[in-house]
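Model the full assembly from the supplied sequences, consistent with the hints where possible.
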Amino acid sequence: MGLMQIIKRGFENPRLVSIVYAIQLILAMTIGLQVYQVFGASIGNSLSLEGLKVGDAHMVINDLLNTHGASLSPLLGQVRWMVIVYLIVAAFVHGGIWHSLINGYDKVSIWIGGSTYFFRMLMIGFIMSFIFIIWSTLVWGPYLSKIRYWMEHLPSEEPILWGGIAMVVLWSFGSIFIFVASSFCKVLVIRDQEKVGSALWKGIKKSITKTWKCLPVLFLFFVLLAFLYLMHSFVDDWTFLSTTIGVFLLFVIQQLIVWIKIGLRVSTYAYLKDRL
Amino acid sequence: MIIGLCAQSKEHCAPTISEEPLSERLANYIFDIDFDHELHAVSGNEKIFWKNNSPDTISFVRLYMYLNAFKGPESSYLSGANMNVMGQDLRGRAPEDWGYIQVDKVIQDDQTITDISYVQPDDDNDQDESVLHINLVSDILPGETLILDLEFVSKLPRTIARSGYADHDFNHFVHWYPKMGVYEEDKEGDWGWNCHQFLRQMEFYGDHGNYDVTIELDDKFVIGGSGCRQMYKEPVTDKPGRVETRFIAHDVIDFGWVASPNLVEYDDEWHHVEIRLLSPKSHASLRDRLIGAAKHSLQYFEDHVGTYPYNTLTILDPPLHGLRSGFMEYPTYITGGAFYSFPKGVRSMESLIVHEFAHQYFMQILANNEKEDPWLDEGFVTFYEDCVMEDMHGSSSLIDLFGYKVGNSTFTRNEYASMSNKRTSPITTVGYKFIGDYKATIYSKTATVLQTLKRYLGAVQFDEMIKGYFEANMFTHPRKDDFIKVVKEAFAQYPNTLSSSIDQFLIDALDESKIVDYSVINVGSAPSDETDDSGNTLYHNWSNLERKGDFIVPVELRLYWTDGTTSDQVWDGKDPIYGVYELSARQLRALEIDPERKLFLDIDFNNNSYTLAPDNGGIWKYATRSIYWVQNIVQSASFLM
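Protein chains in written order, with my numbering: chain W, 1 to 276; chain U, 1001 to 1641.
FYI, nobody ran anything at the bench for these hints, they're computed from the structure. Be aware that one or more of the hints could be misleading.
[Stated by the list, open to error] Listed next, the in silico DSSO-like pairs over lysine-lysine satisfying Cα-Cα at most 30 Å (straight line):
id : chain 1 : residue 1 : chain 2 : residue 2
1  : U       : K1488     : U       : K1467
2  : W       : K146      : U       : K1281
3  : U       : K1488     : W       : K146
4  : W       : K273      : W       : K8
5  : U       : K1051     : U       : K1105
6  : U       : K1467     : U       : K1439
7  : W       : K261      : U       : K1405
8  : W       : K205      : W       : K261
Written out as structure tokens, the structure reads:
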């Protein structure tokens, strides 16, 4: 199956992608609108606002944080809580996506799948997240704890940098393996009606043999995501997007990127489902 | 003897652009030393020629013994820093990791001096051995030259505050020899030795003079330092594998050097200046960036301050394990701090080279007392670092990466404006007595004061003022009053908004911890019952302004009218609340205090203006960015759910 065909699978049901997108947008808007309000209340009548549009924002933001930082810092706390809330919401939404991919999509499949498999998805998600945290600690803990020593004793940072890149590659492989295992577990639970414990065991076993075969495609997905991030950086820097219409256009581009990323996630799920 | 030194050095290298002495050359040194890299130590002879230019007869001298500050936890420097120097925890060090300097013999007029002791002029810590007191065998009359012969040993510590060694290969000899204090007239008019102990938040102070330094060491070492190399790695007779290198430096206040077998030497030149970069092999790709920053600095200072009078500039780009030796300045020798594969859009390594180069002017040529008036070098250097970098790279001179842009002067000003407590010791506080955020005040606030002066005076006039300050004080020890004098003269010669209150401005900016913050409270416009001659309705236009800080400065006001015109006024800035009113056929749309951002010391520019027709596009841009990033965060965080 070609890459384009794999990608197409994720966008076969734009409604499915749009539902996930809408949930994320609503959550994110609660922060975005507060940012708008805080900025407006703090410096809404200042001529400095011109600087925010054209990228000359360092001084404006610096002075804003110095004077009104107390108004903005609670928003960071809210983002932390929002992530936790979304992890729970994601267990529901992703259960729905897997159900739709395995049993066929219709208008209610995402909601039925979400409600039917919510707790099992949640359990798999937390167990896999726990494994992921252990893996990350095992990989990065020793490396990071040695950096101070290396800085005092190594004549060059070159090995630290390349060692770090090697660690990123190693960590990424492990993370992909955990992601594939997590996906296989969910397929086994929904498609084969396996219990969570059994699905975890079988999913991990299957992923040991199958992850390598999936790597090229998963790597291409990663490249696509990186490309989208870079594209946003370039677009965000375009001066002509500093007019009011330009800002609206920028918002549309941002949201299109987010929507495509969700579609790519669904494509990845569809691809992995077919590999099991 | 001093003349002899000059004559000899001309055969192989000329340290300065002038054949005539540039300074009074009060403190001159000849070294003949052996470097033992296994012990990280040098031993040998030092000959000091010190000219008494005072009206006093000198019966004793005082010498700096800086390395003794790293002799152990009892020194005033380390105990004052709670054994933590720039984030380096020094507790639990092995005995061999400490350093010291030891004078074994002092001879004057062929007589060995025995009356030698350590003194503590700044505190009562009798464990501190950073100042040596020598009672002379015979007095030195005004105008006479003292000649002292010393035998000494200097052992480096594992690097502390730039001095020291890293592992087995990197050796940085700075503040490594017995160095004369400065005999001078103090601010009260009394003559005496200015030779402080080495304390926390303190740098260095010395007289200009000549250095002739011959170092014997193993052949494998690459060696570089202050001045020019009159002889480089000449084999030593009867000592296989040992070589000698001889440095000559004229009209400088200090001498530093580095030796490591793992440095690569890159030579370049700018006009009369030989530029030598000593860098680890892995930093080869950074060569052009580092040397480019040095060249641009040389050109900028040539154009805006004065000619660089030396023929050499050596740059040490330290290896990773020697990074604690970086970020420092010595005469004609500077140390940077760079990292392999550092992104080109982050220019901190270039900025650092510019900063340390600027010290060649502010601390070396204008040799202020860094211990007592650190602002006269660090503040000026930070200001010129910003100027050079922005001249090189424009308004996003420091960072220009993935759309994130930061300029140097903005960064510096923000460092001051972001201080959680701006009521620290004033800028002109003696360095080691300073309380508060030292860097944000001495470096950044001073630079922001200078930026303010430049903006009020005008760039060309400011350059003229600094050139005058430089020429009048080069190769001396300028003090605060020397700078104040030229500022006042310049503001009198080129009248501007600040001229009438420049005296008070300088007091408030330098000797106080006052805060500048002017704000527009509101703007309004409403029709009146009156009309003008043409029958047009006249409007009441008003705005209320507030002085939120206690630093009073006259400020310029710009009124923006709905017909697209603007008009300017000046507010003396004195009253806590100030009202602007105008009955006019046009309507007021906005008012801005200090529209050209001359008063760079103002800690909040956002409240400097108020408009009745805000353009919220910028706020929307940040709101949409927030939405986008929150969406990305939740997507990434949930990849396993």
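| field | Distance restraint between K205 of chain W and K261 of chain W, which requires alpha-carbon spacing of 30 Å or less | value | 29 Å, holds
| task | Starting from K1488 of chain U, check that the Cα of K146 of chain W is at most 30 Å away, please. | result | Roughly 55 Å separates the two Cα atoms, so the pair is violated.
| field | Satisfaction of hint between K1467 of chain U and K1488 of chain U, Cα-Cα up to 30 Å | value | 15 Å, holds
| task | For the pair supplied as a hint, K261 of chain W and K1405 of chain U, confirm whether the alpha-carbon distance does not exceed 30 Å. | result | 27 Å, holds
| request: Below or equal to 30 Å on CA atoms is what counts here, so check K146 of chain W against K1281 of chain U. | output: Given that 30 Å is the threshold and the Cα spacing comes to 23 Å, the pair holds.
| field | Hint consistency between K273 of chain W and K8 of chain W [alpha-carbon to alpha-carbon, up to 30 Å] | value | Satisfied, since the Cα-Cα distance of roughly 15 Å is no more than 30 Å.
| said: Can you confirm whether the C-alpha distance between K1051 of chain U and K1105 of chain U stays at or below 30 Å? | reply: 21 Å, holds
| query | Regarding the pair K1467 of chain U and K1439 of chain U, is the alpha-carbon distance no greater than 30 Å? | reply | With a Cα-Cα distance of about 26 Å, the restraint between K1467 of chain U and K1439 of chain U holds, given a limit of 30 Å.
In summary, the one numbered hint that this structure violates is 3.
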